[in-house]
Every structure is written in C-alpha cells, then in structure tokens.
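**Q** Based on the hints, put chain B in the right spot on chain A.
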Amino acid sequence: MRREAPQRLADYGPLLFPAGMLIVFFVIPFATMIAVSFFQRDPAGFYSTAFVFDNYARFLSLFFGKVLGFSLFLAVTVAICCVVIAVPFTYLLSRARRRTQVLWLVALLSVLSLSEVIIGFAWSTLFSRTAGITNLLVAIGLMSEPVALNPSFGAVLTAMVYQALPYTVLVLYPALVRLDPTLTEAARTLGASPVKSFFTVVVPALRNTIVATLIMVFIFALGSYLLPQILGRPQHWTLSVLITDQAIYQSNMPFASAMAVFLVLVTLGLVALTLIAGRKGEAA
Amino acid sequence: MTTFLQRLYLGLVGLFLSLPLIVVAGVSVNEKQTLAFPPQGFSLSWYGEIFTNPEWRNALLASITLAAVSAALALAIALPLSWFLWRRHAPWANIFQLLGIAPFTLPPVITALGMLTFWATTGFYGQPWTAAISHAIFFVTLPLVTLSLGFSSIDRSLVEAAATMGADDRRIFRTVVLPLILPYLVSGYAFAFVLSLNEYIVAYMTVGFTMETLPIKIFNALRYGYTPTMASVTILFVAIATLIFGLVARFGDLPKLLGAMANTDKH
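As you go down the protein sequences, you meet chains A and B in turn.
Heads up: the first sequence at position 143 corresponds to 143 in this note's numbering, and the numbers run straight through without jumps.
Heads up: the second sequence at position 118 corresponds to 118 in this note's numbering, and the numbers run straight through without jumps.
Next up, chain A with everything else stripped away, as it sits in the complex (with noise of 0.2 Å):
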C-alpha cells in the first residue's frame, strides 16, 4: 500500500487524540514549567509572575557549583563503570544460544524495571551491619566483626552502576548482535586469542556505539534521585535531589525550575553529541 498524504480533515481524524494529549500535558506542562524559572518566588503560594533572572544567578553560587560538579562526577563514573563492565558482558550474551539470551534479557528487563525506592532499599540491606556482605567476610576469617558500609559513596556508587548495568546491556544489545561474527572468526583464523580479537576487532567496531552509549548511560545517571538519598551523606546529593527538594521542601518552584532548565540543555546537548556520534558511525 503506498502512504498517501493525508487529502481530507478527515484523514487527520487517528492524531487529534494523540496530538492534544501529547500538547496539552507534556509542551504545556513544560513551557510552564519554563516560564516559571523566570517568577519571583511566593512565600505564601508557589509563585508570583514576574520576569527576572535571579533563579539563573542563584547557579553562581559556590554549593551550586558543588552539586552540579558532584552530580557531573558521579554521572561520568557510573556511565563508565557500566561500559566497562557492559561491553564485554553483552558481546558474550549477543553470541550465546538464543534461548540464553531470552532468559538473560528476561532478568536484565525485570532489575531494569525496579523502582529506584527497591534497588536502594535493596542494597542498604546488603551493605548493612546485621544482614550484609560483611557478615560473610566474617564468616570466612576474612574480617573480625560486621561493620555498615552505607552511607558512602561507594555504595551510592555501587547501587547506581546495579540501576544503570541493564540499561547500558539492553543499549549495546541490537549493535552487538548486529555486529558480523566473520570478523572476530578472521582474527580467530589468523591466530589471535579470543581476548585479542575481541580488544582489537570487537571494540574498535564497535567504537561510536560505545561512545554513543556512554552518554545515554551518563543521562540515565544523571536522572537518579532516590539512591543518593538512600545511601549517600548530604554531600553527595546530586541535581536531581536538589531540584526535588527546592520544589517539595522549600516550596521554591522558580529556583527547582531554572535548576530543570538548566538540566533540560545539558541533556539536550548531551543527546545531540549522541547523535553526531551516531553518525559517524552509520558513515563509516
């Protein structure tokens, strides 16, 4: 059948109800959302209208400066983490049997899927005195007595790279299958060692993907909020948390939404980068 453009008013019918669902409470919600950083705040209500950019010049501050580098930080090592340890993983499940895989993804889909809220709870047990990791370590000699390994950042650290591992695996997946096995099998056949052919085959292959990955990881981090609460110290609070407890708790919506806007073009140009990497690698 060949698509036709739409000829009546008619034709148009299937995306009124889409269209204004889509209007009405994502571009209008946003664009308020927008317009609000630039109100004064109300300490009796939200807001009041104005137009002034004190919100944006709040940014300037030193503890701003902290949060927003923290935020960065942790982002870029948990987006890194995960590549690492990903890469590898998903090329090993891309060549196992099919029905291996499905049970892979099957798990990978389900720990993707917890609630923020269960993953930290989750790991606050395990990094806890009385029913954690270190009881086992005392269980086999290798430590004198349980001991709490929360709230650090280590195990902020670990908790977001257990959130965002799924999703790097299921981003590399359709790349990895896609991947022609004949190139690892001619360096099989010219004598490399799997791991060998796998860094200087596999990777360099696969280089825009990864690098295409390592931002979209580093958004996803970038979007945690509950794990740094759960298991880190005030200090490492990240952008997220800062936003939420501006418009919640100081009831200072202007300031949470120039700190959303903010964020909004940082990701923005982080998934143009995304795309130009993209790119490059259809081109080449």
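No lab work stands behind these hints: they were computed from the structure.
One or more hints might be untrue.
Covered stretches of chain A, as calculated for chain B (at least 3 residues, CB under 8 Å) [claimed, not checked]:
(1) 21-27
(2) 63-74
(3) 114-120
By construction, the Cβ of each residue, glycine as well, lies at the ideal position given by its N, Cα and C atoms.
**A** The following block gives chain B in isolation, referenced to the frame of chain A:
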C-alpha cells in the same frame, strides 16, 4: 579454558545482579521483625502482611490501579499516532513521535517538575487522576517504540489487497492491522505497566501528599526505619516483573522487541 572464563564472567555479572535480591529474599522470611541474614527461623507471614495490613494493601491497590490505567492511556495515545505515521505520508507529524519520546529521554525529575508546576497552576494538584495522566505521558515512549516496530514489520501488500477488495481504513485496521500488531500492543502495555508500578518520582511529585503508591510507601517506611514487609514487597515486585517479561518472551519475540532484528535466523 576460554569458555570457562566466559561463563565465569557471565556468572559474576549474574551474581552482582542477583546478590541484593537474594539477601532481600532471605531477610523477608525472618521469623521476627529483625533485619538479619542468614534468616533466623522461617516464616512467610511478611508476605501475608502485604495483603492483611490495610496500609500496604491500599498502597498495592493504588499502584496496580495507577499502572493499569496509565498504561491503557499510554496505549490510547500511542496506537492512533503510530497508525497515522505508518498509514500517511506526513513528515511533520513525526514531531509528535519526538514529543512522545522526549519525557522518557530526559531525566525523570524534569517531567516530574513539569507536571508539578502544571497541576499546581491549573489547580488540580493532588487529584489521583493527575498521576494517571502524568504516568501515561511519561511512559508513552514504550508503546510508541514497540508499535512503530510492529507497524514496520507489516507487509504493506496485505493492506493493499484488503483495500483493492473494497475495505475502508476502519475495516483494514480492524481485520488486518490489529491482529498483526497485537503482540506489540500487548508488550507495549506490559512495559508501561511494569515501569509505572515501580515509578517513584513522578508519582511523588504529583500525588505524593494525597495518595501512597507502593514505591512511595516503601520510601516513607524506609525513613522511619525497617519493617520486613519492605523486603516481602520487593520480592513480590521482582516476581511480578519477571512473570510479565517472561510472558512477553514466551508469546512474543523478546530479542526482536529489544532491537535485535538480525537475530531471527539464529536458534
């Protein structure tokens, strides 16, 4: 030797992914209200607690209702949109596809805050149905992606045959297209349902002070310390997710849904 190393690596990642859940499962069967692992005694009473304690039961019901309604609404947005984009040649309409994918791509706190400002400005803040709309918009990406995959796998000559024999658009949709995309429809619903069930921040920012979904309930309980019900609810949620994705895998093509198009010839 290399196969052994490969298995070891897969096994270690598997251990990392399952370890917290194993410990939580162990904790959930403790006899007394203690956070201990290995569990002391064995009791399934904390699983019963989810259904007998009205607070947890209400939270579970609220979450399931929210997930069911918002996933249905997401589908109602995604289906006509994907149908239109597939049926008609209208490049500008792709902007709506983009709008549907945007909320899921941005950090969730942004959608959450956008919704909060919107509902507060319009005066509906705190109404339970606002959470359903917010989740539907937030998760519309999932049915959109599965459905556009579904539509792209339909052989257009089938539809052409139906049209030649005099079927109009509505009839083509009902008798040819709908049966073909049904698996994608179901998996889109399943993805949106499971993710809505687990979603915290959008629900918290829209109805957090008037309604407790299960993730909100767990977080509130976590702030006041530990109750074993958290552990049993966690395991329940893992079980639900595994069951639903297992069913999707059983009745659909999971590798294909996740983008592995070239994989169909491998068994």
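**Q** Look at each hint and say if it fits the structure.
**A** Do the hints match the structure? See the list:
1. With a threshold of 8 Å between beta carbons, the proposed coverage of the region 21-27 of chain A by chain B holds, since 6 of its residues qualify and at least three are required.
2. Coverage of the region 63-74 of chain A by chain B is violated in this model, with 0 residues showing a Cβ closer than 8 Å to a Cβ of that chain against a need of three.
3. Here's how the region 114-120 of chain A fares: 7 of its residues keep a CB closer than 8 Å to some CB of chain B, so the rule of at least three is met and the hint holds.
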